[in-house]
Amino acid sequence: MGKPTPSRGSKRVIETQVVVVGGGPAGLSAGLILDRGHISVLLIDENSELGGQYYRQRGALSSSSIDNFRPKGTHLVESVKKSKISVLTSTYIFAVSDHEKTLYAFDESTNEVVSILYDFVVVSTGSQELVLPYSGWETIKCMTPGMVSRLFDIDLIEPKQSVVLGGSGPFLLSVASHLLKRGVTVKAIVEYHHPYRIKFISLLTFFFPSRLIEYLSYRKILWENNVSIHSGYQIACAEPQSSGIKSVFQPLNQKSQLSFTSDFLAISYGFSPTIELAALLDIDLNQSNHSRSPDVRLSGKTSKDWVYVAGESAGIQGWRSAKIRGEVAALSIIDSLGTLSLKNQILRFGKTISLMYESLFSKIRIYTFREKEPFRFVPSDSTIVCRCENVTYAEVKKYLNEDWSSASEIKAETRVGMGTCQGKQCGYALNRLCTSPHLEPSNKFTNIRAPIRPLPISALLQLAEDPD
Amino acid sequence: MTFVNKTCQIVINGDFFDVLESSSLMAVLVNNGIFNLKANGVSGQKRFGICGMGTCFECEVTLKNVGVRRACLLKTEPGMVVETGMTDG
Amino acid sequence: MNAIVDVAVVGAGIVGAATAYELSKKGMTVVIFEKGAINRAGSGATAGNLHIQAVHKKRPGQKVALDQVRFLPLQLAASKLWDTVEDDLETDVEMRRIGGITVAETAEDAIEIQSKRKEEEKLGIPGEILTLGQLREFEPLLGNSIVLAEYCPLDGYVNPLKITPAWLRAAVRNGVEVFPFTEVIAISPASKCWKLTTKSGSWLAKNVVFAPGPWTTHLMAQIGLDIKMNSVAIQMHLTERTKPQMRFLIQHIGQGLSVKQVDAGQILIGGGWPAKHLDLEASSPISLDSVVGNMTLATRVLPFLGELRLLRAWTGALGATADEMPIIGPISGYKGIFLAGGTYSFTFAPLWARVLTQLITEQPLAVDIEGLKPDRLINKLSGVRGFGG
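As you go down the protein sequences, you meet chains A, B and C in turn. Heads up, the first sequence is in numbering that gives the first Met the number 0, so the first residue is 0 and it goes up one at a time. Heads up, the second sequence is in numbering that gives the first Met the number 0, so the first residue is 0 and it goes up one at a time. Heads up, the third sequence is in numbering that gives the first Met the number 0, so the first residue is 0 and it goes up one at a time.
Keep in mind that a hint or two might mislead.
Claimed, not checked - For lysine-lysine, the following DSS-like pairs were computed, each having C-alpha atoms within a straight-line distance of at most 27 Å: (1) A:Lys396 to B:Lys45; (2) B:Lys63 to A:Lys10; (3) A:Lys81 to B:Lys5; (4) A:Lys10 to C:Lys275; (5) A:Lys219 to A:Lys397; (6) C:Lys24 to A:Lys397; (7) C:Lys161 to A:Lys396; (8) A:Lys303 to C:Lys24; (9) C:Lys227 to C:Lys275; (10) A:Lys219 to A:Lys198; (11) B:Lys45 to A:Lys245; (12) B:Lys5 to A:Lys80; (13) B:Lys45 to C:Lys275; (14) A:Lys300 to A:Lys83; (15) B:Lys5 to A:Lys71; (16) C:Lys242 to B:Lys63; (17) C:Lys275 to A:Lys397; (18) A:Lys159 to B:Lys45; (19) A:Lys300 to C:Lys275; (20) A:Lys100 to C:Lys275.
Said to hold, decoys possible - Facing chain A, a subset of chain C residues (Cβ under 10 Å, in silico): (21) Asn38; (22) Arg168; (23) Ala263; (24) Val291; (25) Leu309.
Said to hold, decoys possible - FRET-style restraints, in silico, Cβ to Cβ: (26) B:Ser42 to C:Pro139: 27 to 35 Å; (27) C:Glu118 to A:Asn285: 53 to 61 Å; (28) A:Glu157 to B:Met85: 44 to 52 Å; (29) A:Ser379 to C:Asp66: 52 to 60 Å.
To be clear, the hints were calculated from the coordinates, so they are not data collected in a lab. All residues carry an ideal CB built from backbone N, CA and C; glycine is no exception.
Take these sequences, add in the hints, and give me the full structure.
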């Protein structure tokens, strides 16, 4: 199909058949399959290096004695770099043209706007960790498990420090295990639910042997290092002290408080698909649990036949599923171009079956970690609900019980969600607070519109038409 | 992945640092105890960041001749000049 | 069935809220219905500017120019009412009468500024012309393309996110009942009053004030009327916080522009640039063309903006009329029904609230509304029974 000429005078214009947004497991896998099918691919990532979160690269190593963190990921990144795939790092999409067939990206390394003319887009923008405000969470060294894992595993900061992990989800065990391997002291894992009790459903994990082995290896490391998993607690507050951060966890049923002191405190409650680009492309979205996700089929197809979503941004299923989804989306695109060989059709069929298998495990995870239930959120008056605008719960409380209370009304009165991150950290919390009968659906609160990042106005001006 | 382990010099808040080229800027900051990355626009409180992956925007630093950038997304480059402690815009 | 109220207000945007409050001060029983969330359409999305000097006549893409001179006595009357709003409401709504500068970049624009200044002088609206030599001393931030400007000390803004809820709270204190998420699905004549039907029940009201902005077309149709509207969604843009440096509201006489720095430190940039299209069910989508157009103009007039980052943009639906003028007044043949809205409803809100109260209580009107009444835009719809007389 013909490509529209860009209506704007931006100097860098890239034409490609497929643009893959996000260079994590899904995006890398999708790109390679498309490249092998002789399709032109542009792969974009906001980070300065490919890999996404799961395959985040260490960059220059301080010593060759430190093993490659995830060799499969490094291999994928290397393969992409050796292929014909065009790669743009430090680049993010900020807008979609009014006619939708041009994407506008900002390259942070050159301060340039890039116009991308494309036929297909694969959205593989991954996920972000779900956070809930707690008193003192703005203290330096309070962060998410993902960030603490990145600092120790990727950035290789001094390991002789201590961490307390909390929140909910299997990710806590994985992070703890990696930290312990690096020589970091993990003082405790504090899990909101009771997912590690042996129940009937535990037997189902035998159908997922690799997952079971992984789990057992985490438990072994924890046991060897005397790290306890405390179940049924939620972080109440964090206080900076001279000896580190004192964290206090409240029990959810009876029992007494737990308290620890550590150098770092890392809390998150699972993951949420990153759907900003999907929303900009205006595909159908579903609201489920605490987050929205794209309405997407196993093939990666969405409500628009040129938009595919793959990986965690399609729904939280883990890195194995992300890779397969990337591959299946790529094969589906090749199929829609009419060039899918019989061999690849069979491959796609096999991978689709794998996806169903992965999806089944996700259902077990969702059930075990009770992800459909909302997390308790009872902040104290001084808890900062919106980090960017420094809005405390006391200020939000004033507007919770008016006849017309709603998330957007609270936002209007208190500025919650109006700061630099545009509600990415506080959105879930705000929706949890709005329990009035007229709660608006979360899409009204975090309305996603261009620009989806703070964008230099000087860059925007690059899009003004060249005077003739 | 093989890197030529080249060192280079970068400047952070006026001080010179010898670092590996193409390594994590965040690692350099943390290893040198620089945790005050950006001051909150309302309270002025110094923040370090919570997400480590570019969504919270609290780790923004100023790169001379480039602009305001999230430190967690950056690699070191020869001649990089970094200022921390700006107030959130 | 509830008791008969004096007035039912339909639409809890700024005009509806101000009106409900004004009526409640006269001891009337008032209910106000809002089909969605309060202040969610144009009223909550707009720049919040209070325009007292004569305005720019055509939004980008607007076909019909508004009658700039007809606006002036209304703007002056509104200005005097805005002077007392914060005291009356006893609450902080970030009212900032900081003064406004309207700029001209061409000779044609400069002539328009000169002529509008003359019209303003006739009515006693304060202001002064700033010549090329005076411009940059008055406001150093202005760019080099500007040839002439006018400064009016009465221009300013109020926080649109705070003013409507503040009016509603004050109304509630006076006994007004507010029903958000309560759509009026039918209106029919009853004995000496009107019956409004919603999903939560029916109300009888002696008078009905419609202030539904872009839903005016839909609601008028329910009472058998076709009204010539030109509803549109417009965009606003917000930068990141920056150090306090803008002292005035900056506007343009020939193109769509309004720029000011709000208390939080961010710069709010608008000018009536159209969204991609109007979507009354969801949020109207952003037009990138409008973002670029608005920002290009803003940066030419205020070059310092080029160093800032754009944080976000949003849209809001406005009930503009076919002749781009306000609507205010009764509808012939529909005793007890009143309509208010049209262009510049934000600036005129307290004025329309006052006029509607005067119409309902049969008092002399604060301003002459000749030429602004709804009849000029209305035709009867065929096939709708039960109305008239």
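Going down the list of hints, with the structure as the test:
With a CA separation close to 26 Å, the supplied pair Lys396 (chain A) and Lys45 (chain B) stays within the 27 Å bound. Distance hint between Lys63 (chain B) and Lys10 (chain A) is fulfilled; the C-alpha atoms sit about 23 Å from each other, no more than 27 Å. As the CA atoms of Lys81 (chain A) and Lys5 (chain B) are separated by approximately 22 Å, the hinted pair is consistent with the 27 Å bound. For the hint linking Lys10 (chain A) to Lys275 (chain C), the alpha-carbon distance of about 24 Å falls within 27 Å, and the restraint holds.
A C-alpha spacing of about 49 Å is found between Lys219 (chain A) and Lys397 (chain A), which places the hinted pair above 27 Å, so the restraint is violated. Pair hint Lys24 (chain C) plus Lys397 (chain A) holds up; C-alpha atoms about 25 Å apart against a cutoff of 27 Å. A distance of roughly 16 Å separates the Cα atoms of Lys161 (chain C) and Lys396 (chain A); the hinted pair therefore holds under the 27 Å criterion. Using a Cα cut-off of 27 Å, the hinted pair Lys303 (chain A) and Lys24 (chain C) is violated, with the two alpha carbons roughly 53 Å apart.
Pair hint Lys227 (chain C) plus Lys275 (chain C) holds up; C-alpha atoms about 21 Å apart against a cutoff of 27 Å. With a C-alpha separation of about 20 Å, the suggested pair Lys219 (chain A) and Lys198 (chain A) falls inside the 27 Å cut-off, and the hint holds. Distance hint between Lys45 (chain B) and Lys245 (chain A) is fulfilled; the C-alpha atoms sit about 19 Å from each other, no more than 27 Å. A C-alpha spacing of about 21 Å is found between Lys5 (chain B) and Lys80 (chain A), which places the hinted pair at or below 27 Å, so the restraint holds.
At most 27 Å may separate the alpha-carbon atoms for a hinted pair to count; Lys45 (chain B) and Lys275 (chain C) exceed this at roughly 40 Å. The hinted pair formed by Lys300 (chain A) and Lys83 (chain A) meets the criterion: a straight-line CA distance of about 25 Å does not exceed 27 Å. Taking the CA atoms of Lys5 (chain B) and Lys71 (chain A), the gap is near 25 Å; set against the 27 Å cutoff, the hint holds. Taking the CA atoms of Lys242 (chain C) and Lys63 (chain B), the gap is about 20 Å. The hint holds against a cut of 27 Å.
This hinted pair does not check out: Lys275 (chain C) and Lys397 (chain A) have alpha carbons roughly 36 Å apart, beyond 27 Å. Taking the CA atoms of Lys159 (chain A) and Lys45 (chain B), the gap is about 25 Å. The hint holds against a cut of 27 Å. For the hint pairing Lys300 (chain A) with Lys275 (chain C), the CA-to-CA distance comes to about 25 Å; that is within 27 Å, so the pair holds. Restraint check: the Cα-Cα separation between Lys100 (chain A) and Lys275 (chain C) comes to about 15 Å, which is no more than 27 Å; the hinted pair holds.
Proximity of Asn38 (chain C) to chain A holds as hinted, the smallest CB-CB distance being about 7 Å (cut-off 10 Å). With its C-beta approaching chain A no nearer than about 8 Å, Arg168 (chain C) sits inside the 10 Å limit, and its interface hint holds. About 7 Å separates the beta-carbon of Ala263 (chain C) from the nearest beta-carbon of chain A, less than 10 Å, and the hint is met. Restraint check, Val291 (chain C) versus chain A: the minimum CB separation of about 5 Å is within 10 Å; hint holds.
Interface restraint check for Leu309 (chain C): the shortest CB-CB distance to chain A comes to about 5 Å, inside 10 Å, so the restraint holds. Judged by the Cβ atoms, the range 27 to 35 Å given for Ser42 (chain B) and Pro139 (chain C) holds: they are separated by roughly 31 Å. Checked against the hint of 53 to 61 Å, the C-beta distance between Glu118 (chain C) and Asn285 (chain A) comes to roughly 56 Å, which is consistent with it. Between Glu157 (chain A) and Met85 (chain B) the beta carbon distance is about 26 Å. The supplied range of 44 to 52 Å is therefore violated.
Range check, Ser379 (chain A) to Asp66 (chain C): Cβ separation about 56 Å, and the 52 to 60 Å hint holds.
Violation of the numbered hints given earlier is confined to hints 5, 8, 13, 17 and 28; the remaining hints are satisfied by the structure.
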